[in-house]
Amino acid sequence: MELLGKTRIDFIGKRNISFVISAIISIVGIIGVIQVARGAANMGIDFSGGTAMQLKFSKPISIADARVALHKNGVSKADLQEIKDGNKLLVKMAGAAVGKPSEMVQAAFKKEFADNAFTVESSTEIGPSIGNKLRKDTLIATVLSMLGIIMYIAWRFDFKFGVGATLATIHDCLAMFAAFYLMNKEINLMFITAVLTIAGYSLTDTVVVFDRIRENLHKNLKGAMHTIFNDSINEVLSRTIVTSLTVFLAAASLFFFGGEVIHDFAFALLVGVIVGTYSSVFVASPIVVILENRALAKKASAA
Amino acid sequence: MPKETGWRISLIAVFVVLSFLYLTPTLASKLPSWWGNLLPKDKIHLGLDLQGGTHLVMEVDTQKAIEGSLDLVATDLEDTLNSKNLRFKRIARNGFDKVSLVLYEKGTADAVQKLIKDKYPTYEQSPTFDEGGFVALTLRVNEKDAQDRKDKAVQQALETIRNRIDQFGVSEPTIQREGINHIVVQLPGIKDPQRAIELIGRTARLDFKMVREDISPASGSIPEDAELLKEKMVDSATGAVTEIPIVVQKKSMITGDLLTDAQVRIDSQFNQPYVAIEFNSLGAKLFDQVTAANVGKRFAIVLDNNIHSAPVIRERISGGSAQISGNFTEKTAADLAIVLRAGALPAPVKIIQNVTVGPSLGQDSINKGLYAGLIGVLLVVGFMAVYYKLSGMIANLGMILNIVYLMGALAALGATLTLPGIAAIVLLVGMSVDSNVIIFERIREELKLGKSPKAALDAGYDKAFLTIMDSHITTLITAAVLFQFGTGPVKGFAVSLSLGVIINLFTSLIGTKVTFDLFLHKGKVKKMSI
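Keeping their order, the protein sequence lines are chains A and B.
Residues in the first sequence are numbered consecutively from 1260, following the numbering used here.
Residues in the second sequence are numbered consecutively from 3, following the numbering used here.
Honestly, the hints are just simulated from the structure, not real lab data.
In this text, all values refer to a predicted model and were calculated from it rather than measured experimentally.
Check the hints yourself; a few may be wrong.
Subject to a maximum C-alpha distance of 25 Å in a straight line, what follows is the list of computed BS3-like cross-link-like pairs (lysine-lysine) [as the list claims (entries may be wrong)]:
(1) B:370 with A:1347
(2) B:333 with A:1359
(3) A:1369 with B:193
(4) B:391 with B:370
(5) B:119 with B:154
(6) A:1392 with B:154
(7) B:370 with A:1444
Listed next, the stretches of chain A that the computed footprint assigns to chain B, with coverage defined by at least 3 CB atoms under 8 Å from CB atoms of chain B [stated by the list, open to error]:
(8) 1408-1418
(9) 1449-1455
(10) 1465-1474
(11) 1507-1513
Even for Gly, the Cβ is constructed at its ideal location relative to N, Cα and C.
Sequences and hints are given; from them, build the entire structure.
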C-alpha cells in the first residue's frame, strides 16, 4: 500500500506563506517562554513551589461549592479543577508552604461536605527552595541538550544545514510553548521533558530530508537549488509522514487512554510530532535553500 | 543459510533468553526454590507514582546544630568554672557562633582564658574587654569546625531517621543524603503517610527540668536561668486543647541521650498506654540523685520544648527506670517510644518537599498506562501490516523484540519504572518501527529502479544506516541530559527512553535484517511483500 504516489508539490515555493505561519508561531512561543521566565504563565508547582492535591470524592462535587467551602475556612488562593471521570478534584495552591495548606484544605472539606467523604489520591508539596533549584536545573538541562544537538548536527552536516536544522528544532520547541501558553495549560517538569524529547525526536524527519537533499546535490551538480530541494522533499515525503504517523499513533493512544496524570504530557508530544514534521519540510529545508542561494550568488559575484 | 545470518540469529536468541531470565523475578510472584544464587534476582521496581508512597525531601537546620553545641560549651564552662571556684557573672551563647563570658575580675579572667585555651583549643578567643564595669570575653567557633559540625549533624540526622523508619517498619525505604543539608526519604507503599512524616520529622529532644514553683508564670519577669514553657492538655471528651504555662529551670537535669530503651506498656489499672524508659548508668545515677534531692517537688518532662507532663516526685527513684504517662493513644505512645529509642535529631529538620501518591491512583496509572500501551501497539502493528504487508510484520516483530529486550534491560539494571517511563515505552513502540519505515521506503525505491529483492534489501539497509544513526543519536543526547538532571518520574522516562533507543538500533539494523535474509538468501525470491 502507498499513502502517496509520486508527488510534485512546490514546497520551497511556498516558503513565504510557511515563514509567515512559523514566524507567528515562534513569536507566540517566545511570548510564552518570556511569561514562563517571569513566572507569569500557568506554572506547575514543581517550579513555583506550593501544594497540589488530587481528591476523590464519593459523590459529585461542584467547583463552585468547593471554592465557597475553602473560602469560608480561610483558604482563599486556590486553583480548582475538576477531573471528569470519578468525582475528582484538583486543588492547586502556588507558592504555599509545605504542611499547613494541605491540612487546611482537608479540614475545610471534611467540615463543609460531611456527607461526601473523600480520599487524598495524591498530594505534592514543594518548598520554594526546591522550586528554585528545579528551575535552575531545568534551564541547564535545556541549554545542554540544545547545545548537544546543535554540536552533533554541526559535526554531521555543513554549516548551512546545521543552521536550518537548529532553527527548525527551536521552532518546534517554541510551537509547543505557544500551544501550552495559548491554552493556558500548566508548564511543569513533564512539559519540559516532552519539549526536550521532541527536540531530539523532531530531528529524525529533518535528517531524513537532509540526507536525501545531500545525496541529490552530489548526484546533480547542475540543477537549480530550488528544484533539487523540491524533488528531494517529494521523494522522501511518504517516509516523513509515515515515521511521524507511527509515533503520532503511539502518542495519541497515550493522550486518549493514558489517564489524567500524563494527559498534558501526551498532548505536548502530539503537538511536537505534528510541528516537527511540518518544520522539517517547511522550515528547515527552505532556510538551507536561502543560505545556499546566497552562497552561490556570492561566488558568482566574486568570479 | 549464510554463516553470518546464523551467527546473528543466535545472538538475537541469546538476548531473548537473557531478557526473560532477567524478567522472571519481576513477573513471578515467588521464585522457585531451585532458582538459586547464580540466577538474577533484581527486578523492575515500580516508582512511587505507580505503587503509591511518599517521597520526602528534608532540610536539616544545621545552624541549630551549631547553636546546640555552643549551648553545651556554655553549660560545660559554667560547671567547670564552678568546680574550680572561679566566679563569673554570666556565661551564655551569643548569637549564632559565639559564647560570651562575663566575669567579675581581671584575675579570674586570666585564669579562665588559660583554661579555655586548654579545654577548647580550636575556638577563637577574643582579648578581654570591658563590659559595664565587668570583664568580658568571647569564644568563637572557627569556620572549619562549624562546617564539620554541620556535616556531622546531617550525617547523624540521616542515621537517626533511618533508625526510626526501620523501627516504624517500612519495606524497602530509601534514605539518602542529597547536597549539603538535604535528606531524601522514599517510603513506598506506606499506608499512613501523615503519621510517618510526623515520626520522621520530629526532633524528639527529651529533657527533664525542675519546675520553678517560686516564679509565677504570669509575672512577666523571668530570671535568666529559667524559662516559660507550655503544657498542652487535651480534653479527651471534647477534644479541646488548653495550654498551661509553667516556669522551669532552663538547665536540664537529665536529657534523652542518656536513655537506653523505651517501650510501650499498658497501665493495668486504667488500661492506659504509657512509655517505659530505661536510663544508662550515668542517667540512672543522675536520676537517682535528682529524685532523692527533690522529693515532693515537681519536675517537667519536656519534649521538643513542650511540656509533656509535670508530675510530683513522690519518692527517690533508683534503678534507672521511669515512665512517661498521660494523654497517649496506643499509636502516639508507640511513636514516642520509637523516637526515644532512635534518639533525638541533632538539629530540627524541615520538610521542603512532600509528594504522596495513594495506592489507588498508582494502580489506576498502571492500568491506564498498560491499556494505552496495548492500544498503541495494536494501532502501530495494524498500520504496519496494512502498509508494508509481510515486511511490516517483520518490523512489528522487531518492535516486539525491542520491548522484550527493554524490559529485560530494565530488570537487569534494577531500574525504576515510573508512569512517564511507561509513556516512554509506548512512545518507543512508535519510534522503533520508524527505522524500518526509513529502510522499507528505500527498498521500495530500489525495487522501482528494477533491482532484485535481495539487492534492493541490501541497498536499503546500507543507505538508510546513517540516517538511522543520526536520528537515534539526537534522541539519545536529550535522553542523557534528562537522565542527568531529572528526578523521580522524569528520570524514569529518561532511563526507558535511552535504553530503548540503544536497543532499537540493534533490533532494527540486525534483528529485522536477519529475518529478511532468511527469506531472501537464496536469491530466488522474485517478489517482495513490501
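Structure-based check of each hint:
1. Between residue 370 of chain B and residue 1347 of chain A, the direct Cα distance comes to roughly 16 Å. Compliance with the 25 Å bound is thereby established for this hinted pair.
2. As the CA atoms of residue 333 of chain B and residue 1359 of chain A are separated by approximately 22 Å, the hinted pair is consistent with the 25 Å bound.
3. Between the alpha carbons of residue 1369 of chain A and residue 193 of chain B the distance comes to roughly 20 Å, so the proposed pair stays at or under 25 Å and holds.
4. Restraint check for residue 391 of chain B and residue 370 of chain B: not satisfied, since their Cα atoms lie roughly 30 Å apart, outside the 25 Å limit.
5. As the CA atoms of residue 119 of chain B and residue 154 of chain B are separated by approximately 24 Å, the hinted pair is consistent with the 25 Å bound.
6. Proximity of residue 1392 of chain A to residue 154 of chain B is assessed by CA-CA distance (about 24 Å); at most 25 Å being required, the pair is judged to hold.
7. Distance restraint check for residue 370 of chain B and residue 1444 of chain A: the Cα-Cα separation of roughly 22 Å lies within the 25 Å cut-off, and the hinted pair is therefore satisfied.
8. Residues of the region 1408-1418 of chain A lying with their CB closer than 8 Å to a CB of chain B number 4, which satisfies the three-residue condition for coverage.
9. Residue count for the region 1449-1455 of chain A with a Cβ under 8 Å from a Cβ of chain B: 3. That meets the three needed, and the coverage hint holds.
10. Evaluation of the coverage hint for the region 1465-1474 of chain A: fulfilled, as 3 residues show C-beta separations to chain B shorter than 8 Å, against a requirement of three.
11. Evaluation of the coverage hint for the region 1507-1513 of chain A: fulfilled, as 7 residues show C-beta separations to chain B shorter than 8 Å, against a requirement of three.
Consistency with the previously given hints fails for number 4 only.
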